[in-house]
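Asks: What follows is each chain in one-letter form.
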Amino acid sequence: MNQRIIKSFSIFLFCCLALFVFSCEQLIFDQEVADNPRQNFEYLWKECNEKYSFFDYKKIDWQATYNKYSPQIKDKMTSDELFKVLFAMLNELQDGHVNLISPFRSSRYDFDLLGPENYDLRVVRENYLKNDYVITGPFEHALVGSDKRIAYVRYSSFSDKVAPAYVNFLLSYYRNAQGLIFDIRQNGGGSAANIFKILNMMATKKTLLYNSYLKSGPGKEDYEGPQAVFAEPDKDRFNFTKKIVVLIDRGTFSAASFFALGARELDNMILMGDKTGGGLGLPNGGQLPNGWTYRFSISRTLSPAGENFESGVPPDIQVLLKKSDRDRGVDTVIERAIEELKK
Amino acid sequence: MNKTCLLYGLILLSSIQSLLAQEKSAQTDYRYGKYLGMAALADYQSNRDLGVSPLTYRGFLFGGMGELGFEGKRWDIAIDGGVGVGDSKVKKVATFGASSTVFYYNGRFLYKFWDKNEGNLDFRAGLQLGGYSAQRVTPAFLNASLVWESINTLFATAKVNWRISHTQTAGRFLFIRRNAGVRHVKFSSQLSLPLLHSVWRPDYAYIEDFSDGDANVYANNKLNFGGIRFQWRTDGYYYLLNGNALRLTYLWDAQRSPGEINRLELGHHQLLFGLMFRLN
Numbered sequence: 000m001n002q003r004i005i006k007s008f009s010i011f012l013f014c015c016l017a018l019f020v021f022s023c024e025q026l027i028f029d030q031e032v033a034d035n036p037r038q039n040f041e042y043l044w045k046e047c048n049e050k051y052s053f054f055d056y057k058k059i060d061w062q063a064t065y066n067k068y069s070p071q072i073k074d075k076m077t078s079d080e081l082f083k084v085l086f087a088m089l090n091e092l093q094d095g096h097v098n099l100i101s102p103f104r105s106s107r108y109d110f111d112l113l114g115p116e117n118y119d120l121r122v123v124r125e126n127y128l129k130n131d132y133v134i135t136g137p138f139e140h141a142l143v144g145s146d147k148r149i150a151y152v153r154y155s156s157f158s159d160k161v162a163p164a165y166v167n168f169l170l171s172y173y174r175n176a177q178g179l180i181f182d183i184r185q186n187g188g189g190s191a192a193n194i195f196k197i198l199n200m201m202a203t204k205k206t207l208l209y210n211s212y213l214k215s216g217p218g219k220e221d222y223e224g225p226q227a228v229f230a231e232p233d234k235d236r237f238n239f240t241k242k243i244v245v246l247i248d249r250g251t252f253s254a255a256s257f258f259a260l261g262a263r264e265l266d267n268m269i270l271m272g273d274k275t276g277g278g279l280g281l282p283n284g285g286q287l288p289n290g291w292t293y294r295f296s297i298s299r300t301l302s303p304a305g306e307n308f309e310s311g312v313p314p315d316i317q318v319l320l321k322k323s324d325r326d327r328g329v330d331t332v333i334e335r336a337i338e339e340l341k342k
Numbered sequence: 000m001n002k003t004c005l006l007y008g009l010i011l012l013s014s015i016q017s018l019l020a021q022e023k024s025a026q027t028d029y030r031y032g033k034y035l036g037m038a039a040l041a042d043y044q045s046n047r048d049l050g051v052s053p054l055t056y057r058g059f060l061f062g063g064m065g066e067l068g069f070e071g072k073r074w075d076i077a078i079d080g081g082v083g084v085g086d087s088k089v090k091k092v093a094t095f096g097a098s099s100t101v102f103y104y105n106g107r108f109l110y111k112f113w114d115k116n117e118g119n120l121d122f123r124a125g126l127q128l129g130g131y132s133a134q135r136v137t138p139a140f141l142n143a144s145l146v147w148e149s150i151n152t153l154f155a156t157a158k159v160n161w162r163i164s165h166t167q168t169a170g171r172f173l174f175i176r177r178n179a180g181v182r183h184v185k186f187s188s189q190l191s192l193p194l195l196h197s198v199w200r201p202d203y204a205y206i207e208d209f210s211d212g213d214a215n216v217y218a219n220n221k222l223n224f225g226g227i228r229f230q231w232r233t234d235g236y237y238y239l240l241n242g243n244a245l246r247l248t249y250l251w252d253a254q255r256s257p258g259e260i261n262r263l264e265l266g267h268h269q270l271l272f273g274l275m276f277r278l279n
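Here the protein sequences come in this chain order: A and B. The letter at position 127 of the first sequence is residue 126 when you use numbering that gives the first Met the number 0, and the numbering goes up by one with no holes. The letter at position 128 of the second sequence is residue 127 when you use numbering that gives the first Met the number 0, and the numbering goes up by one with no holes.
Rather than coming from a laboratory, the hints here were simulated on the basis of the structure. Computed from a predicted model, the values in this text were never measured in an experiment. Hints may contain errors.
Covered stretches of chain A (in silico footprint by chain B; criterion: 3 or more residues with CB under 8 Å from a CB of chain B, positions within the stretch not fixed) [unchecked claim]:
| no. | stretch |
| --- | --- |
| 1 | 28-37 |
| 2 | 206-215 |
| 3 | 286-298 |
Distance windows between CB atoms, simulated [what the hints assert, rightly or not]:
| no. | chain 1 | residue 1 | chain 2 | residue 2 | range |
| --- | --- | --- | --- | --- | --- |
| 4 | A | S105 | B | F122 | 54 to 64 Å |
| 5 | B | S98 | A | A87 | 26 to 36 Å |
| 6 | A | N267 | B | S132 | 44 to 54 Å |
| 7 | B | F122 | A | P225 | 24 to 34 Å |
| 8 | A | D131 | B | L222 | 40 to 50 Å |
| 9 | A | T77 | B | I260 | 48 to 58 Å |
| 10 | A | A87 | B | I260 | 24 to 34 Å |
| 11 | B | F224 | A | Q317 | 47 to 57 Å |
| 12 | B | A157 | A | N307 | 23 to 33 Å |
| 13 | B | L128 | A | P225 | 30 to 40 Å |
| 14 | B | Y217 | A | K57 | 50 to 60 Å |
| 15 | A | A87 | B | Y217 | 31 to 41 Å |
Ideal placement from N, C-alpha and C gives every residue a C-beta, glycine not left out.
In isolation and in its complexed conformation, chain A is listed as follows:
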């Protein structure tokens, strides 16, 4: 009898506990946001409102943006129609680090079209790198100029992995050159880690490059930082004492823009060309209730003097590619860089 009571009590207790814990899961997990055009719009707008880092800098009234696009959201709109509205809303941010990605299309902001094209791959390949250029890791390089006394190095993407040994080789290989041109025009960025693998080989002393601030709350001025970022000369580097001209243009973006921002602070480097495409706010990523993915900038980076170059790092010497030069196979910017290095 006693055993039977204990058994019944145990089963009862087990059932009560099971019911209790499963109802607790409902308490712990909030209900999922509904997946409809209105909720997707509201979610994306709110995420940007709380996390995007350049409203003040770009003088964007995000509430006005809401008022502009909210009436365009209809209950029965198609996915494509919704995408177009969200795409247009995000493009108000004028930021190359802003994207919306659905299974059928991706949005983007064409930062590189904000200025003139300042690079012609064909001209560089045919008349500067020619047929006898050297490939070292991600770098294509050759001696240029009428007397072949200037080193020209092309780095086309910061997504291409750099080993410090590659940079060391370049600097050592061109030890007798009069100077070095480092071309990052139309370099759309990639991994920030590559910036330091290059700059630590080129810097002659420890130098503060910039300060980064990460969004830390929904308020407009809720930032954590500064996180000071330095270039520190690598102890194994080849001591290259000549000037280095860094070529930039509107297609120089994100990690390449960070590189340009850092190069401004190094005594032996000169920025030349057009201002960069910016992208000094690092993007995170996220997902809408309908599963589409988005990203936008959640940090800001200032020069050591406190300047915000999110819209583009300016060159020390502005040089634009002339159509007349280009037509006869001459890169105006490289020619100006050669002239500068021969001074």
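With the hints as your guide, set chain B onto chain A.
Replies: Same frame as chain A, now just chain B:
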């Protein structure tokens, strides 16, 4: 996958060895003593990282757990740890899922406060430290696709044990010879409520490749206290005549981290099947 198969194979092999070795006498009450446990794990995980997505990712993790413990007439002390690896996804997102590696670890210190029927039914209570650390990779989150987080909780734990014995006659079950003797079975159910819950995970906004070039995924992690977590587990033990035991466990664990904007909601439904090797 091959490693998972190997792990399951080893556990199966060792269980057959133990089943075949039921030669010892059943004079001792094997329900008490020191033991080393090994178990295969299947864990149905639900997670929602509101810092980056309002969607809940669900899927199975597979792995194993080990446990070193002591269960006496008064104390119940054990530490355990293990790992689970697997994928999870959201139905509506056809393009990407998430992959997770979760390390589980627990320690419990329980004292018997009440018993009945010569200890066949008892109630124990005490403290438990329960944690898991996880790496999640969700390509859909783009620059926030990689996260390391650690969730650690001090629980107040209550446990009820119910022990049954019966005399078994000799026989055969499939290829396993069954010796005559006293057979012990135990059921236990354990509920843990949080005293102190902590979560170490990315803060408000996170990225894995920061502007200093240091891809340190811990750089933006913050330790926060608060939130809530519950854990409930129930175990069934089938003691062999040599003192070892087969154990089947169901564990439910759910937590909600502090914060609103970057809150993490996690649920685990674990099923463990394994062997407990008697150490004394």
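Asks: Hints first: check each against the structure and report whether it holds.
Replies: Quick rundown of the hints versus the structure:
1. 28-37: Answer holds; 5 residues pass the 8 Å Cβ test.
2. 206-215: holds (count 5)
3. 286-298: holds (count 9)
4. A/S105 to B/F122: 54 to 64 Å: 59 Å, holds
5. B/S98 to A/A87: 26 to 36 Å: 34 Å, holds
6. A/N267 to B/S132: 44 to 54 Å: 45 Å, holds
7. B/F122 to A/P225: 24 to 34 Å: 56 Å, violated
8. A/D131 to B/L222: 40 to 50 Å: Distance hint for A/D131, B/L222 is violated at roughly 57 Å.
9. A/T77 to B/I260: 48 to 58 Å: Violated - the Cβ-Cβ distance for A/T77 and B/I260, about 31 Å, lies outside 48 to 58 Å.
10. A/A87 to B/I260: 24 to 34 Å: The hinted range 24 to 34 Å holds for A/A87 and B/I260, with Cβ atoms some 26 Å apart.
11. B/F224 to A/Q317: 47 to 57 Å: 54 Å, holds
12. B/A157 to A/N307: 23 to 33 Å: 57 Å, violated
13. B/L128 to A/P225: 30 to 40 Å: With a Cβ separation near 37 Å, B/L128 and A/P225 satisfy 30 to 40 Å, so the hint holds.
14. B/Y217 to A/K57: 50 to 60 Å: 32 Å, violated
15. A/A87 to B/Y217: 31 to 41 Å: 38 Å, holds
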